[in-house]
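Asker: Chains as they are written, first to last, in the numbering used here: chain A, 1 to 379; chain B, 380 to 569.
The hints are simulated quantities; they were obtained by calculation from the structure and are not laboratory data. Possibly wrong hints are sitting among the right ones.
Examples of chain A residues toward chain B, derived with CB under 7 Å [stated by the list, open to error]: (1) LEU8; (2) ALA290; (3) ILE297; (4) ASP376.
Just so you know, even glycine gets a beta-carbon here, dropped at the ideal spot from N, CA and C.
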Amino acid sequence: MAERERKLLQGNQACVVGAIYAGMRFYAGYPITPSTEVAEGCSRELPRIGGRFIQMEDEIGSIAAIIGASVSGKKAMTATSGPGYSLMVENIGYAYMTETPVVIVNVQRGGPSTGLPTKVSQSDTMQARWGTHGDYNAIAVAPSTVADTVVETIRAFNLAERFRTPVTILLDEVIAHSRSMVEIPQEGDFPIVDRIKPTKPAGRDFMPFEVTENFVSPMASYGDGYRFIVTGLTHDQHGFTTNRADETVVKLEKLRNKITRYEEEIYKQEARWTDDADIILVAYGSAARASLQAAQIAREAGVKVGVIQLYTIWPFPEKPLLDLCAKTKKVIVAELNMGQLVHEVRRVLPGDIDVHSVLRYDGEILTPLQVLEKVDEVM
Amino acid sequence: MGALLDKIAVPQDRFEIRLSGSGGQGMILGAVILSEAIGGDGTKNVSQTQSYGPEARGGASKSDVVVSPNQIFYPKAMKLDLLLAMTQESLDSYYKDLKDGGTLIIDNVLVTDIPTDNYYGLPFTRLAREEAGHVMVANVIALGAIAALTGVVDKETLINAVLARAPRGTEEKNRKAVEIGFREAEKLKK
Numbered sequence: 001m002a003e004r005e006r007k008l009l010q011g012n013q014a015c016v017v018g019a020i021y022a023g024m025r026f027y028a029g030y031p032i033t034p035s036t037e038v039a040e041g042c043s044r045e046l047p048r049i050g051g052r053f054i055q056m057e058d059e060i061g062s063i064a065a066i067i068g069a070s071v072s073g074k075k076a077m078t079a080t081s082g083p084g085y086s087l088m089v090e091n092i093g094y095a096y097m098t099e100t101p102v103v104i105v106n107v108q109r110g111g112p113s114t115g116l117p118t119k120v121s122q123s124d125t126m127q128a129r130w131g132t133h134g135d136y137n138a139i140a141v142a143p144s145t146v147a148d149t150v151v152e153t154i155r156a157f158n159l160a161e162r163f164r165t166p167v168t169i170l171l172d173e174v175i176a177h178s179r180s181m182v183e184i185p186q187e188g189d190f191p192i193v194d195r196i197k198p199t200k201p202a203g204r205d206f207m208p209f210e211v212t213e214n215f216v217s218p219m220a221s222y223g224d225g226y227r228f229i230v231t232g233l234t235h236d237q238h239g240f241t242t243n244r245a246d247e248t249v250v251k252l253e254k255l256r257n258k259i260t261r262y263e264e265e266i267y268k269q270e271a272r273w274t275d276d277a278d279i280i281l282v283a284y285g286s287a288a289r290a291s292l293q294a295a296q297i298a299r300e301a302g303v304k305v306g307v308i309q310l311y312t313i314w315p316f317p318e319k320p321l322l323d324l325c326a327k328t329k330k331v332i333v334a335e336l337n338m339g340q341l342v343h344e345v346r347r348v349l350p351g352d353i354d355v356h357s358v359l360r361y362d363g364e365i366l367t368p369l370q371v372l373e374k375v376d377e378v379m
Numbered sequence: 380m381g382a383l384l385d386k387i388a389v390p391q392d393r394f395e396i397r398l399s400g401s402g403g404q405g406m407i408l409g410a411v412i413l414s415e416a417i418g419g420d421g422t423k424n425v426s427q428t429q430s431y432g433p434e435a436r437g438g439a440s441k442s443d444v445v446v447s448p449n450q451i452f453y454p455k456a457m458k459l460d461l462l463l464a465m466t467q468e469s470l471d472s473y474y475k476d477l478k479d480g481g482t483l484i485i486d487n488v489l490v491t492d493i494p495t496d497n498y499y500g501l502p503f504t505r506l507a508r509e510e511a512g513h514v515m516v517a518n519v520i521a522l523g524a525i526a527a528l529t530g531v532v533d534k535e536t537l538i539n540a541v542l543a544r545a546p547r548g549t550e551e552k553n554r555k556a557v558e559i560g561f562r563e564a565e566k567l568k569k
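Produce the entire structure from the sequences given, and follow the hints as far as they go.
Answerer: If you want it as structure tokens, here you go:
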């Protein structure tokens, strides 16, 4: 195979590379720091390949536009930060309910509200899971390097298409704005998943929200010749609104089961030095970078520290975490917020494992030294 | 408590560079070019970060490049191996981040109050104005000096990286700027 082109890219630019590779041909967004370079890159690249870029009037319009584009058959994305994601959550719920694959990039910055526009944070971790109202099962992925961002963006699109659901990419300011050399992927480097199209002919037999064997319904696009209704109201398998108790249960369990029965497909984590670790650090994103550095330094000083780096945040990787922590007695969760992921870790791990937190929420990235101080404290 | 912290050491496989000056001196572009020069052939990893937002406007501006043959875990600088200070304010702000025995390079016209005798001084801004033909290439002259003094990148690779970023019509000025920086720094090495 030919040698891959290498480019010095920011995380935000790597996100654009991954999205286009995955097949994104529609982007609608409202620029916001620290995500703006995603919009900038899409505005430059999409017109060159027959795609569309629209700068919308706000984030509510942005998410609405990408849902419309997706229902019309395009792979679509928007990028924002916490304040914009907050505006989007109503329509993200609509995407869950209408089972519309879209990708939403949240380059996290300090909050709440407009918070710290130029500073790093991971305080939207729980928002990605519980942002909108109602019962639903969220998917969120999280890169920790510029190169990862290409891979995780491709994965986000693949998961959205595979499960017909919105997928959030949890980036943060440090990864978004740091630059590293990235190999530009070539055709064949990564599998690309496309939504299943209906094989039944248009007509009465076609059920746009049919409960199939894996709970995911083949998805027709507007313009394909199929007639179907897309509504945020609870609907039956034909897409018609319903108040019936039995049909409501079918719909909600379809939304749940299509994710929960296939979580193994969604989990992704990397364990380093965990086999003999006395203390395991759990982290994602730029907090994982500080944790890996801290663990490496600790190992060189003779202390057995391991790291579990999460690439899938939601669904929370319960079983992988249990397995990887089976032989340890102490876990430290490192995150750039006042303690969010740590609650999930505590929920999952048995009571005889001590779960500690190392947190930073002043707008700066955790340093390896801060993590090491916590290791020193609990060891 | 303290059992671990007494034993830890900064990882040896990282080489950490900070280019600092005032806003508009091209420190960020300089770090981008340096990163492309060092990381271009795939044998070394680079992680480049910079001051961003309000802190990048006016006052001391900085951009860091971490270099390693291995995977770079922490993306930002921890303890600098090399500090370039183009202004007094930037030296005052960042000298404390330089490792003991780290390399300090300063513009010796603009920086006069230096807390150590162990440094390399060159008149980058004056060389840019008087020899290279434009004050804007002071950052590129400094890159040439960094190449000569540290060997973190060789001169030809640096020139290629500079030219890949140079606006059309400025190629010769930029090539000359690298050459001047390299030549003047070689003299300091003795």
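Asker: Does the structure break any of the earlier hints, and which numbers would those be?
Answerer: Violated hints: none at all, because every hint is consistent with the structure.
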